Amino acid sequence: MRERWREAWPERERALRWVIAAFSAAVALHADRLPPWCLAAIAAIVLWRLFAAVASLALPRRLIRLGLGGSLLLAVVVQFSSLSGLAAGSALLAAMGAVKLLETRGRRDHYIVLGVSLFLMIAATLDRQGLARIGLYAAHLWLCCAALAIVGTPDARLPARTAFGLAGRTLAYALPLTVLLFLFFPRVQGQIWSLPAGNAAVTGLGDEMSPGSISQLSESEEPAFRVTFEGAPPPSTSLYWRGPVLHQFDGYTWRRELGRVYRSARLEYEGPEYRYRITLEPHRQRWWFALDLPVPPQQPGVFFTFDYQLVSAEPVSQAVSYELVSHIRYRSGDEASLLARRIDLQLPTGRNRRTLEWAQRERAAAGSDAAFVRRVLEFFRDGGFVYSLTPPLLDLDSVDDFLFRTRSGFCGHYASALATLMRAAGIPARVVTGYHGGEWNPIGQYLIVRQSEAHAWVEIWIDGRGWSRVDPTAVVAPDRLQRAALDRIAGAEGAADPLIAELDTLARIALTWDAINTWWKIRVLDFDLGSQLKLLRGLGFERPALRQLGWLVAGGLAAWLLVIALRFGRAPRAARGDALARGYRSLCARLAAAGIARAPQEGPLAYAARLARERPDLAARVLPVLERYALVRFGPRASDAQTRAVARELRSLRP
Amino acid sequence: MALPRAASRHRGSAPRERLAIASRIRAALTSRAAEWSRRRQGLDRFPVRIERRRLYILPSRAGLGFGALWLCMVLAGLNYANSVALLLAFSLGGFALVGMHHCHRNLQGLRLLSLTAAPAFAGEPGRIELLLENDANLDRHGITARIGDSHATLGTLAAGAAGRLVLTVPTARRGRLAVPPIRIATAFPFGLFTAWTWLHTDATVLVYPTARGALPPPLATSDRETGEHALAGGNDEWSGLRPFRDGDSPRQVAWKSYARGLPLVVKEYVGRSARTLVFDYAALAGLGTEARLEQLARWVVDAEARGQRYALRLPVAVIDEGRGAVHRHRCLEALALYA
Chain Z
1 MRERWREAWP ERERALRWVI AAFSAAVALH ADRLPPWCLA AIAAIVLWRL
51 FAAVASLALP RRLIRLGLGG SLLLAVVVQF SSLSGLAAGS ALLAAMGAVK
101 LLETRGRRDH YIVLGVSLFL MIAATLDRQG LARIGLYAAH LWLCCAALAI
151 VGTPDARLPA RTAFGLAGRT LAYALPLTVL LFLFFPRVQG QIWSLPAGNA
201 AVTGLGDEMS PGSISQLSES EEPAFRVTFE GAPPPSTSLY WRGPVLHQFD
251 GYTWRRELGR VYRSARLEYE GPEYRYRITL EPHRQRWWFA LDLPVPPQQP
301 GVFFTFDYQL VSAEPVSQAV SYELVSHIRY RSGDEASLLA RRIDLQLPTG
351 RNRRTLEWAQ RERAAAGSDA AFVRRVLEFF RDGGFVYSLT PPLLDLDSVD
401 DFLFRTRSGF CGHYASALAT LMRAAGIPAR VVTGYHGGEW NPIGQYLIVR
451 QSEAHAWVEI WIDGRGWSRV DPTAVVAPDR LQRAALDRIA GAEGAADPLI
501 AELDTLARIA LTWDAINTWW KIRVLDFDLG SQLKLLRGLG FERPALRQLG
551 WLVAGGLAAW LLVIALRFGR APRAARGDAL ARGYRSLCAR LAAAGIARAP
601 QEGPLAYAAR LARERPDLAA RVLPVLERYA LVRFGPRASD AQTRAVAREL
651 RSLRP
Chain Y
1001 MALPRAASRH RGSAPRERLA IASRIRAALT SRAAEWSRRR QGLDRFPVRI
1051 ERRRLYILPS RAGLGFGALW LCMVLAGLNY ANSVALLLAF SLGGFALVGM
1101 HHCHRNLQGL RLLSLTAAPA FAGEPGRIEL LLENDANLDR HGITARIGDS
1151 HATLGTLAAG AAGRLVLTVP TARRGRLAVP PIRIATAFPF GLFTAWTWLH
1201 TDATVLVYPT ARGALPPPLA TSDRETGEHA LAGGNDEWSG LRPFRDGDSP
1251 RQVAWKSYAR GLPLVVKEYV GRSARTLVFD YAALAGLGTE ARLEQLARWV
1301 VDAEARGQRY ALRLPVAVID EGRGAVHRHR CLEALALYA
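Read top to bottom, the protein sequences are chains Z and Y. For the record, in the first sequence the residue sitting at position 95 is 95 according to my numbering, with numbers rising by one throughout. Going from the second sequence to my numbering is simple: count from 1 and add 1000.
Hints may be right or wrong, so weigh each one.
What the hints assert, rightly or not - Some residues of chain Z that are not near chain Y, with every Cβ distance over 12 Å (derived): (1) L114; (2) G130; (3) T162; (4) A172; (5) L181; (6) P186; (7) R341; (8) D526; (9) D578; (10) P600; (11) D617; (12) A630.
To be verified - Computed from the model, here is a short list of chain Y residues facing chain Z with C-beta under 8 Å: (13) S1037; (14) Q1041; (15) L1087; (16) H1151; (17) T1153; (18) P1189.
If you are wondering where the hints come from, they were derived from the structure by calculation, not from laboratory data. All values reported here derive from a predicted model rather than from experimental measurement. Every residue gets a Cβ at the ideal spot worked out from N, C-alpha and C, and that includes glycine.
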């Protein structure tokens, strides 16, 4: 079969075979992102080209190619409704590369398709840089480089092995330079331009919350972010990871406050500070999570809002990593501003009437805000409330329905109800969403916070203390916050999850893999100018600066070039003949030292004859060897074993 | 020694339209570079070893494209702070630089053994044969020699092997045509760089006048010294045998007697045509110099093809009657160099 394929393939199209292989591999890197019709079209074109090469068919005319290219372009525009996104751009590049295959005649076209293949690889890395894919990228790079060797020297007809060997060795020599440039080539801070991110749905926190509409909470085990602490982590009950803060309530849905901003009083941090680095998975939203409550970071492109959220200028479309300082205790002023009161006391008129009546009655009975809060929490604890991940749906007066009918829900229900009750009693309240807790990875010494740990709690304003956290879920289901196994049974997506809990080795493997990935993410993927300057400091530079990076790059490049030049720059060593010739030469040299040098015009047999005449003492041992040498060298073709044996004799003979 | 042989190809066969001006500029630049290298390195005496100081290297057109692509990759990697893209792009950069050294090494130390140029008639391409030897311990690949539009490539020149490259030069006028500088280049291994050297030789292609003219050859005359001996076919009379002399055609040899162990003898005939033709420059009065030389060349070629004996008389030289390849060459050479 293989032979037949070889025969069918015209030799002059050999380079094309490699080009097609490299291009197909490049498209395969995008296989999970390209729409199926696009993959099918590319596959069809590639098969067409292969068939045309094997059957020596004429390639399609210019008009057909233009039509094909145009319709593919149109299809991409229709599919993505733009050409500027990453997915649209990749699809377009792949489709155009395929059309280009249909007009590959000369070397130039081959180079162009190889260039497209290389650029598709870079496009694939832009949003997928996981450790598992690195091997794929490296293999593709190797293939493309080998194809370059085939295309670049078509007359040499390099065998595949040679081409791969050549490309592999060349890449290996490039490795030190790669590491050097990676470490010291100055990185740019911030983006010069940006591609619009795709709108693929990614699990995570949304920017609104409608507890009544969810009857089953998905418990995804996807990691949301990972945290590495400098020093000891805070107690696990304090691990509140602050996300979007919701102010607006229409009786059913909580939303973020857009447009109105109230001035917050000066924050006073108390207690120990915690330094940590968060590596955030892309969630296509603009907020960053932080341990409640972070000190505003001095970082361009990130803002600390009036309600203490961290919001970045760009949506998080690829993993980001940032360092923060937080305190778990703080005071936020004595008196709430008027605007704050207006926003955080707002309730929809005519909704949740029973709740409002109940709150006003109980507030009056309690006598003080603090007593009222205690009263509400007791109500949650003793009122027959159940923590459930599969709560019944609620009607439009969702809080009434929840408090007085279903009494079953998860954190969002409790937070929503508590905030409504507080507002009804005249206490400013807002809902904070985020995550709580996290799983400690003992292998990598960091915390994994998963989507299943999404949480919602309430902040209420207490005069004299400021915003204070109240977590009703902690009252209803204290176990929930201790990460009881119960949490993860209902509605858990991964069937493998209980297995992980049971099987220690599997868990170990999973955690190890996560740890390696995290190392990769923090050390390699998030290596930026800051890391470079830190590295310089580690290398002993007092005041790390860009200029020093430049010097290091220049010096390292020069050193590498010198090594490469020494390795390859010298003229190739002249061949010194085969083993037989070397052995003969060395024997002649020894005989010359013994006083009878071979004349330049003498062949081995003439030399042997003269030896026999002039030095009969040596002749007995030397003669047979010289004769065997003449036979192997000039006689009928000798086997390799014979040749080796004679060469050994020549070398070892001591006159 | 088996010599791998590369066919000579003409570039004009690919009908790719190029701007005439651009190609003229390129040709001018190329000849400037050749002149410059000639001044720098002088005339070459075979055998020539390609040393570093005469070896030049620059990115090829594909290499420039690759460079632009590489720049885009690095910019994308920097802009998106994408470490993986940067790793891949930096690898590719190093790859290209190592490839540059491979390219340079592919020519360095190559030995050029000899150059032979066969004579040609004006208007026909002159054939130039370049003999190369790779006495190094590594294989060399994709070595191209080029003169003007003619180029030839050796796919692989294995370690210790020798190879032959055949080129052609266009000939326009008779005389000695100096072999133009030969550019020996390689794009191995990845085609991103081109390394090249210039070979300047004092070799010449002897260009015979075009064999042209419709005048009938002069009547054969009897020759005083050797009598009416010549070879002819058909109904000529057999006159006897004589010993073999250099220049005799193998067709005249009496092979049967040779096979019986007798010395090599040649059969001789006497006939109407068995007389020596004398081609005289002076007899062609009424034609211009070049036309006369062309006509004489025509007669020489035809007479040789028919196996007749002929002599050539020029105002500056007389070539006695004779026959055979050497004689023909002497006559045509005299015509080619006639001043």
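Structure-based check of each hint:
Listed as outside the interface, Z:L114 is inconsistent with that label: its C-beta sits roughly 9 Å from the nearest C-beta of chain Y, within the 12 Å cut-off. Against the 12 Å criterion, Z:G130 falls within the reach of chain Y, whose nearest CB is about 9 Å from its own CB. Listed as a non-interface residue, Z:T162 fails to keep its Cβ farther than 12 Å from every Cβ of chain Y; the least gap is roughly 9 Å. Annotated as non-interface, Z:A172 brings its C-beta within 12 Å of a C-beta of chain Y; the closest such distance is 9 Å.
A cut-off of 12 Å between C-beta atoms contradicts the statement that Z:L181 is not in contact with chain Y; the least separation is 4 Å. Under the 12 Å C-beta cut-off, the non-interface status given to Z:P186 relative to chain Y is violated; the minimum distance is some 9 Å. Consistency note on Z:R341: stated as away from chain Y, and its beta-carbon is indeed over 12 Å from all of that chain's, at 43 Å minimum. Some Cβ of chain Y comes within 12 Å of the Cβ of Z:D526; the nearest lies about 8 Å off, and the non-interface call is violated.
Not every beta carbon of chain Y lies more than 12 Å from that of Z:D578, the smallest distance being close to 9 Å; the non-interface claim is violated. Its beta-carbon lying about 19 Å from the closest one in chain Y, Z:P600 satisfies the requirement of being farther than 12 Å from that chain. The beta carbon of Z:D617 is kept farther than 12 Å from every beta carbon of chain Y, the shortest such distance being approximately 37 Å. The beta carbon of Z:A630 is kept farther than 12 Å from every beta carbon of chain Y, the shortest such distance being approximately 20 Å.
The beta carbon of Y:S1037 comes no nearer than 19 Å to any beta carbon in chain Z, farther than 8 Å, and the hint placing it at the interface is violated. For Y:Q1041, the interface hint is violated, since its Cβ never comes within 8 Å of a Cβ in chain Z; the closest pair sits about 17 Å apart. A cut of 8 Å between beta carbons decides the hint on Y:L1087: the least distance to chain Z is about 6 Å, and the hint holds. Below 8 Å, beta-carbon pairs count as interface contacts, and Y:H1151 has none with chain Z, the closest being about 11 Å; its hint is therefore violated.
The interface hint given for Y:T1153 holds, since its Cβ lies 5 Å from the closest Cβ of chain Z, which is under the 8 Å cut-off. Hint on Y:P1189 holds. Least Cβ distance to chain Z is approximately 5 Å, under the 8 Å limit.
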